Structures are given as C-alpha cells and as structure tokens.
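J.: Sequence:
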Amino acid sequence: MKRPSAASLKRLNPENLARLGADRLAAILIDAADLRPELKRRLRLELAAEQGAPHLLLEVDKRLTTLATGKAKVSWRQRATFIAELDALRGMIAQRLAELDPTQAIGRLWAFMALGRSLSSRVKDKDGDMEAVFERAASELGALLGKPSLERAGDEAHAAALVEAMLTFPAGWKTWLGLVLREAPAGLAAAALTRLQASASVTSGRMVLIRQLADAAGDIDAFTDTFSAEALKTPSIAAEIARRLLTVGRVAEAGAALEVAKPVKAKSFLGSGRTPEPDFEWESAWIDYLDASGQADLAQETRWIAFERTLSVARAKAFIKRLGDFDDVEAEGRAFAHAARHADFHKGLAFLMAWPALPEAAKMIQARADDIERVDDD
Numbered sequence: 040m041k042r043p044s045a046a047s048l049k050r051l052n053p054e055n056l057a058r059l060g061a062d063r064l065a066a067i068l069i070d071a072a073d074l075r076p077e078l079k080r081r082l083r084l085e086l087a088a089e090q091g092a093p094h095l096l097l098e099v100d101k102r103l104t105t106l107a108t109g110k111a112k113v114s115w116r117q118r119a120t121f122i123a124e125l126d127a128l129r130g131m132i133a134q135r136l137a138e139l140d141p142t143q144a145i146g147r148l149w150a151f152m153a154l155g156r157s158l159s160s161r162v163k164d165k166d167g168d169m170e171a172v173f174e175r176a177a178s179e180l181g182a183l184l185g186k187p188s189l190e191r192a193g194d195e196a197h198a199a200a201l202v203e204a205m206l207t208f209p210a211g212w213k214t215w216l217g218l219v220l221r222e223a224p225a226g227l228a229a230a231a232l233t234r235l236q237a238s239a240s241v242t243s244g245r246m247v248l249i250r251q252l253a254d255a256a257g258d259i260d261a262f263t264d265t266f267s268a269e270a271l272k273t274p275s276i277a278a279e280i281a282r283r284l285l286t287v288g289r290v291a292e293a294g295a296a297l298e299v300a301k302p303v304k305a306k307s308f309l310g311s312g313r314t315p316e317p318d319f320e321w322e323s324a325w326i327d328y329l330d331a332s333g334q335a336d337l338a339q340e341t342r343w344i345a346f347e348r349t350l351s352v353a354r355a356k357a358f359i360k361r362l363g364d365f366d367d368v369e370a371e372g373r374a375f376a377h378a379a380r381h382a383d384f385h386k387g388l389a390f391l392m393a394w395p396a397l398p399e400a401a402k403m404i405q406a407r408a409d410d411i412e413r414v415d416d417d
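First residue of the sequence shown: 40, per this note's numbering; consecutive thereafter.
I should point out that these hints are in silico values taken from the structure, not numbers from a laboratory.
Warning: the hint list may mix true and false statements.
[What the hints assert, rightly or not] Taking lysine-lysine pairs in the DSSO-like style, the calculated list, with each CA pair at most 27 angstroms apart, reads:
(1) Lys402 x Lys356
(2) Lys110 x Lys79
(3) Lys49 x Lys79
(4) Lys386 x Lys360
(5) Lys165 x Lys110
(6) Lys386 x Lys402
(7) Lys213 x Lys163
(8) Lys213 x Lys272
(9) Lys402 x Lys360
All values reported here derive from a predicted model rather than from experimental measurement.
Let's have the full structure, built from the sequences with the hints guiding it.
T.: What follows is the structure in structure tokens.
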C-alpha cells in the first residue's frame with residue numbers, strides 16, 4: 040500500500056488532525072479559544088452537552104438571554120462571525136439538546152425564533168444569511184413538534200406559543216410559518232387559527248398568517264374570509280379558492296367563486312367592448328369545474344378554444360389525452376397545423392419545438408422563410 044505523502048499529511052482534515060492526539064488538540068483549542076470568544080462559547084456548550092441536558096440547558100439559556108438583551112448594532116466586520124455563532128447555537132438546540140431532551144429543545148427553539156425581531160434591527164442581513172439560519176430553525180422546530188412521542192402534549196400549548204410568536208413578529212413569521220407547519224402535527228394549524236382569529240385586531244400582516252393557517256388546517260371558509268369582496272373578483276384568487284373547493288367536492292361553490300371573477304365585456308362610449316382574455320389559472324380552474332360538474336364536452340371545447348388562442352402545449356395535450364384512438368391522432372395533426380399557420384411565427388414554432396414535433400417545425404421553417412427574414416429585419 041502506498042504511503043501517504045508529506046504534503047497530504049499536512050492537509051487539514053479529520054484524519055490528519057486525529058493523528059495529533061486528544062491532548063495536543065485540546066491544547067491547541069485552548070490557545071485558539073483565548074483569542075476567539077465565540078469559539079470559547081462553543082466549547083463550553085459542547086462540554087456542557089457531554090454532562091447532560093440540565094448542564095446544556097444552563098449554557099443555552101445564558102446565550103439566549105445575552106442575545107435577547109443585546110442592543111448594539113453588529114458591524115459588517117462582525118457580521119459573518121456573529122451569524123456563524125448564531126447558527127452554531129441553533130444546531131446545539133435543534134440537534135444536541137433535542138437528542139437529550141426534545142421537550143426542552145422545543146422550548147428553546149421558540150426562544151431562539153423570538154430573537155428574530157430584535158436581531159433584524161441589529162444586523163444588516165443584505166445577503167439573507169441570518170434569515171437562512173432562522174428558516175432552518177423553523178423547519179427543525181416543525182420536525183420536533185411533529186415527533187409522535189411529543190404529540191400527546193397536545194396542540195393547544197404549542198398553538199399558544201405559535202400565536203404569541205406570530206403576534207410579536209408578523210413580518211418574520213410570514214416566511215417561517217409555512218416551514219413550521221410543514222412537519223408539525225395536523226391539529227396545530229387549526230388550534231393556532233382559532234386563537235389568532237380571536238386576537239384583538241386583525242391587521243393586514245396578521246391576515247396573511249391567518250390565510251396560511253387556514254390553508255394548512257384545510258379550513259376553506261376561513262381561507263376565503265381573508266379576502267375582501269373586491270379581491271374575490273381577482274381571477275387568480277378565485278382560481279385558488281375554487282381549486283380548494285373542488286378538492287373537497289364542493290363543486291357548485293367552486294363554480295360560484297369562479298363566476299364572480301369571470302371576464303366581462305369592457306364598456307365603451309360606443310357600446311359593449313371586447314371580452315378580455317381569461318386569466319390562464321382562472322381558465323384552468325374553470326375547466327376543472329366543468330369536468331367536476333359533469334360538463335365534460337364543454338370542458339373539452341374550452342380546452343381547444345384556449346389552445347387556439349394561446350398555443351398552450353398544456354391545453355392541447357390535455358385536450359388530446361381525453362380522446363379515443365384515432366381521434367387523438369387527428370386532433371394532434373390539427374394542433375400542429377394550427378401552430379404552423381399561426382400569425383406569430385415564433386410563437387407557432389415554439390409550440391412545435393416544445394411538443395416536440397420537430398419534423399413539423401422543420402417544414403414550418405421551410406414554408407415560412409419570409410416570415411423569419413421579416414422578424415430579423417424588424
């Protein structure tokens with residue numbers, strides 16, 4: 040076996056450092072810790088973890104208190120080190136403490152998340168590095184809350200902590216809430232929703248949080264109630280609501296929600312104007328509604344009309360896959376022919392390339408060479 044070279048043995052990696060032995064490494068760490076306070080704090084946390092949960096809790100609480108009561112701005116020179124130490128603290132709580140005492144780890148992660156408000160005013164996080172730390176903590180908090188062994192504690196206590204956190208710092212929780220709920224128990228969102236709805240006032244910031252909770256809890260009515268009557272006329276919002284209603288079989292209500300946002304003819308001083316093109320997502324939901332309400336033929340007609348208008352590959356393929364043998368081949372040919380003669384040369388060609396229908400695309404290029412030159416001249 041080839042002996043490692045002197046150069047390879049000098050590389051900084053776990054194997055080479057292990058050759059120094061525990062005593063030598065300990066001495067080096069002590070020297071380094073004297074020059075780097077953040078390293079000294081990390082070593083104290085590691086030593087405390089070796090002694091058990093109560094000892095680690097004591098050190099974690101000290102650090103959380105220091106961070107919570109700090110007022111000084113973090114300079115750009117200190118920022119990288121500060122965020123790295125913050126991330127190390129997160130790891131000690133979410134990993135080391137969680138292994139020793141998951142319940143206590145949850146409590147400390149709530150305290151860690153509470154730091155977000157004060158730290159956001161102390162640290163200029165232009166690159167999002169600190170935000171990434173809190174997002175990781177939110178995901179880990181949700182995972183811990185979702186542990187089967189901890190669910191028996193009930194959702195109410197966790198819901199109270201969640202609502203308190205959201206009311207304290209709504210701006211941060213717009214992002215973090217979804218990460219927590221992703222792996223948290225199903226009942227947490229419903230319990231928190233009830234509490235948040237009962238809070239003194241509902242601001243626009245809180246309304247976004249209520250919407251997220253309602254969606255996670257599967258409460259479509261509460262989700263819908265977060266939008267104003269005017270907002271419900273917005274096609275994209277109507278589509279969101281209709282899809283949720285269709286999922287639970289409330290077909291008629293889905294249709295009614297879409298009707299409210301249906302495109303209408305614009306009025307002009309000469310009389311009725313043109314009906315605007317429907318929003319793509321609204322139209323997709325409308326087609327799903329037609330299918331769900333037993334109007335399959337009308338749904339197919341709408342798909343084809345939409346394809347002719349937009350040259351959407353998705354619309355054409357959805358239309359064709361619902362046809363029987365031979366009919367699907369004929370419809371595919373019709374779609375290719377429509378794209379090939381479309382007034383917008385590039386749009387038609389893009390459809391054929393995306394399908395992909397490369398022979399038809401080649402024929403289109405040969406047949407409409409003048410259109411290519413006209414576009415280039417423009």
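J.: Now tell me, hint by hint, if it's right for this structure.
T.: Now the hints, each set against the structure:
no.: 1; hint: Lys402 x Lys356; verdict: 21 angstroms, holds
no.: 2; hint: Lys110 x Lys79; verdict: 22 angstroms, holds
no.: 3; hint: Lys49 x Lys79; verdict: 25 angstroms, holds
no.: 4; hint: Lys386 x Lys360; verdict: 23 angstroms, holds
no.: 5; hint: Lys165 x Lys110; verdict: 19 angstroms, holds
no.: 6; hint: Lys386 x Lys402; verdict: 15 angstroms, holds
no.: 7; hint: Lys213 x Lys163; verdict: 19 angstroms, holds
no.: 8; hint: Lys213 x Lys272; verdict: 24 angstroms, holds
no.: 9; hint: Lys402 x Lys360; verdict: 25 angstroms, holds
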